[in-house]
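Just so you know, the sequences run in chain order F and P. Residues 0 to 136 (numbering that gives the first Met the number 0) make up the first sequence, in order. Residues 0 to 110 (numbering that gives the first Met the number 0) make up the second sequence, in order.
Check each hint, because a few of them may be wrong.
As the list claims (entries may be wrong) - Selected chain P positions facing chain F (in silico; Cβ < 7 Å):
1) 13
2) 51
3) 52
4) 80
Keep in mind that the hints were calculated from the coordinates and are not lab data. Here a beta-carbon is modelled for each residue, glycine too, at the ideal position from N, C-alpha and C.
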Amino acid sequence: MSYQVLISSTPKDRDLAENLAHSVRDAGALVLSVEQTPTRGEAIDFDLRRLLRKADEVVLILTDRSLNNPYLLLEMGAAFSLHKRVIPILVGIDESEIPPLIAELGYVRYADLRGYLSELEQRVRSSAGEPPVAAAH
Amino acid sequence: MMAEKVSALGAMAWLDVKDLEGGDLITAKILEGLDACEEAVVLVSPNSVGSQWVVFEIGAALGQHKRVTPILNNASLDAITPLKEIKAIDLNGFDRFLSELEKRIQKASEE
Numbered sequence: 000m001s002y003q004v005l006i007s008s009t010p011k012d013r014d015l016a017e018n019l020a021h022s023v024r025d026a027g028a029l030v031l032s033v034e035q036t037p038t039r040g041e042a043i044d045f046d047l048r049r050l051l052r053k054a055d056e057v058v059l060i061l062t063d064r065s066l067n068n069p070y071l072l073l074e075m076g077a078a079f080s081l082h083k084r085v086i087p088i089l090v091g092i093d094e095s096e097i098p099p100l101i102a103e104l105g106y107v108r109y110a111d112l113r114g115y116l117s118e119l120e121q122r123v124r125s126s127a128g129e130p131p132v133a134a135a136h
Numbered sequence: 000m001m002a003e004k005v006s007a008l009g010a011m012a013w014l015d016v017k018d019l020e021g022g023d024l025i026t027a028k029i030l031e032g033l034d035a036c037e038e039a040v041v042l043v044s045p046n047s048v049g050s051q052w053v054v055f056e057i058g059a060a061l062g063q064h065k066r067v068t069p070i071l072n073n074a075s076l077d078a079i080t081p082l083k084e085i086k087a088i089d090l091n092g093f094d095r096f097l098s099e100l101e102k103r104i105q106k107a108s109e110e
């Protein structure tokens, strides 16, 4: 079965999410996407629960527009409780603005995305039973 | 106070503030507590409405399909958007929650 990555963002960060989805597909993973809006009826709706369960890892795009979005924080907690690998990707956020919660979970800066994508590719290969790709020197 | 009342009913109460020790990885300990519990109570007060940890913990409980009961103490659920759809209980009516909890404990012990 394909290695699946759920990419979560707010509608305001749709372009970033689409760019990231393209890179994640290039790394060999299947992309599941969800946009968080403040108008959702339920705290965590059925579709999101289903996607969270299917995903092998969950990537959340956090910008200064979405850093305090409660739905993204809620989803982060839900993914974490399902023992999924959770990767906040920070875009344009200063070191001093990173909340303790994100700092403790660990995060990837958008500028360092290549490192994350390279690790993701190894996980995709490993899940398919393929040998790891030798690191480029 | 709330934890003591819950314990008095025969349930084990895991309190995130009390049960965390210096040096603990907070997320790991919260997950440990949630994995072990049957339901979660979230105290929504003026001190907690701005807390990212509170929202994170609620998400973690909902992710595991655990019952989450917001207890309001001088606060409105409007302050925590994702909780708006969940029936909350005012701290003044906490005895009502305890009475409902007691029934759930009894039912679980009969199963």
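Check each numbered hint against the structure and report the violated ones by number, ascending. The structure conflicts with hint 1 only, although it agrees with all the remaining ones.
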